Amino acid sequence: MRKIVAALAGTVSGLVMLFSYYTSTAGIAAPAAGGTTGTTPTTGTTPTTAASSGGTFTGSAASTRWGPVQVKVTVAGGRISTVTVVEYPQGNPRDDEINSYALPILKSETIAAQSAQIDHVSGATDTSDGYVTSLQSALDQAHL
Amino acid sequence: MASTTIPHRAWVEQVMGMPVSVHVRGQAARADDTARLVHAAFEELRVIDARFSTYSADSEVSRLNRAELSLAAVHPSMSEVLELCEVARKRTGGHFNAHRPDPAAHGERRFDPSGLVKGWAIEQMAARLARSTGCDVSVNAGGDIAGDAGGQPGTPWRIGVEDPRQPARLIAVLPLSTGGIATSGTARRGRHIVDPKDGYPVDDLLSVTVVGPSLLWADVYATAAFVKGPKALPWLEAIPDYEGIVVDRNGVYATSGLADAARPSGPSWPGSHSSAGRRLPAKARWNPHRPIPDPISRGDSTTGAGYA
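Same order as they appear, the protein sequences are chains A and F.
If you read the first sequence in this note's numbering, its first letter stands for residue 47, the second for the next number, and so on.
If you read the second sequence in this note's numbering, its first letter stands for residue 5, the second for the next number, and so on.
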């Protein structure tokens, strides 16, 4: 259980680092630390306006060795403002455990992430690391 | 940062057993014609997959392996791939070899060009789409990315390189305009990279990322370098026009052309006498607050990192 909590927290923080993502209209909004647990998986919503004005994008659910993971990002003012893991593997850690790991990490990683601004992720071909798959999926969905 | 908004659109489809993402950036990115061209490009990719998939009993490559087809009767693209595989074998000293023992076939050698076909197909896809749409294109197939700026300098695509030790963290951000970035590594769910010399899995390194003018060759070199293990970094250093990042249990290493983008760390590469595998001195450690160099912000309008 601890491993899952630590890995998820690390991953969410990593995702925030990766998600210093801006669309070409690039308004700069300070990202808010997210990382609260979602208990209800949501389906992806495609905004009717251009992606640059904001919206919520949910990466496809992807499988990890502990179970499926799904990530949701919210874009506001052209910046990713929150990252939420909406679906956790089975044996969900308690909310307060996740928050106590995630929030301090998210705060410091958020600053470091400002310059990442990536379009794609390059990694070893693999479909079992759900985070990268879901991350690329969310990066793609912001431009669908 | 660009002062004008450049339209940017993405499509994702499942092909070759993985999500393939196409990103198009340019004035025509949201045009219907562009969407049609992208869908047609995915169809071409499916045709290629059908021909080269070793998972399909009916594919041309499977029939070739069963000797149901002679080399003279294959599709021209199969001949081209066969020839490229031979060049790749020679260039990599046999560490890339499409004819390799197949443990599933009792160790008999089988022709499996899939490692080369992916880069070959995706690179062509990006180039054709850039030409036909007049836009800047990048195509990501399972973490290997081809870019094509259609001959027009502009904002490079920014490619995050995954840290194999910490999923969803980055070790570098590399700019890509026209060229390719490929990463080979130990799959998290098992080892899938085998040494063609004996057919057994290789795991000295955690990952190798190669960037250069062609995704086909970046992928071949990344695959071969991974198999070369301790010799990976000096080998990559010696390849003109291609740069690499190697990660092992001791740290992150980069060829000398990637000084700005990657942050080498860890002890010196064993046996290195040259600049290959140099480690940053303790004072110059990774500083997350130092901005990642952006060719555009320096007023440099050429394609990123010289990989045009």
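It cannot be assumed that every hint is accurate.
Facing chain F, a subset of chain A residues (Cβ under 10 angstroms, in silico) [unchecked claim]:
(1) GLY101
(2) THR102
(3) SER168
(4) HIS189
Simulated from the structure, these hints should not be mistaken for lab results.
Owing to the predicted nature of the structure, the values given are computational and were not obtained by experimental measurement.
For every residue, glycine included, the Cβ atom is placed at its ideal position computed from N, Cα and C.
Hint check:
1. GLY101: Not OK, violated: GLY101/A not within 10 angstroms of chain F, min 14 angstroms.
2. THR102: Given a least distance of 16 angstroms, the restraint on THR102/A is violated.
3. SER168: OK, holds: SER168/A within 10 angstroms of chain F, min 5 angstroms.
4. HIS189: holds, 4 angstroms
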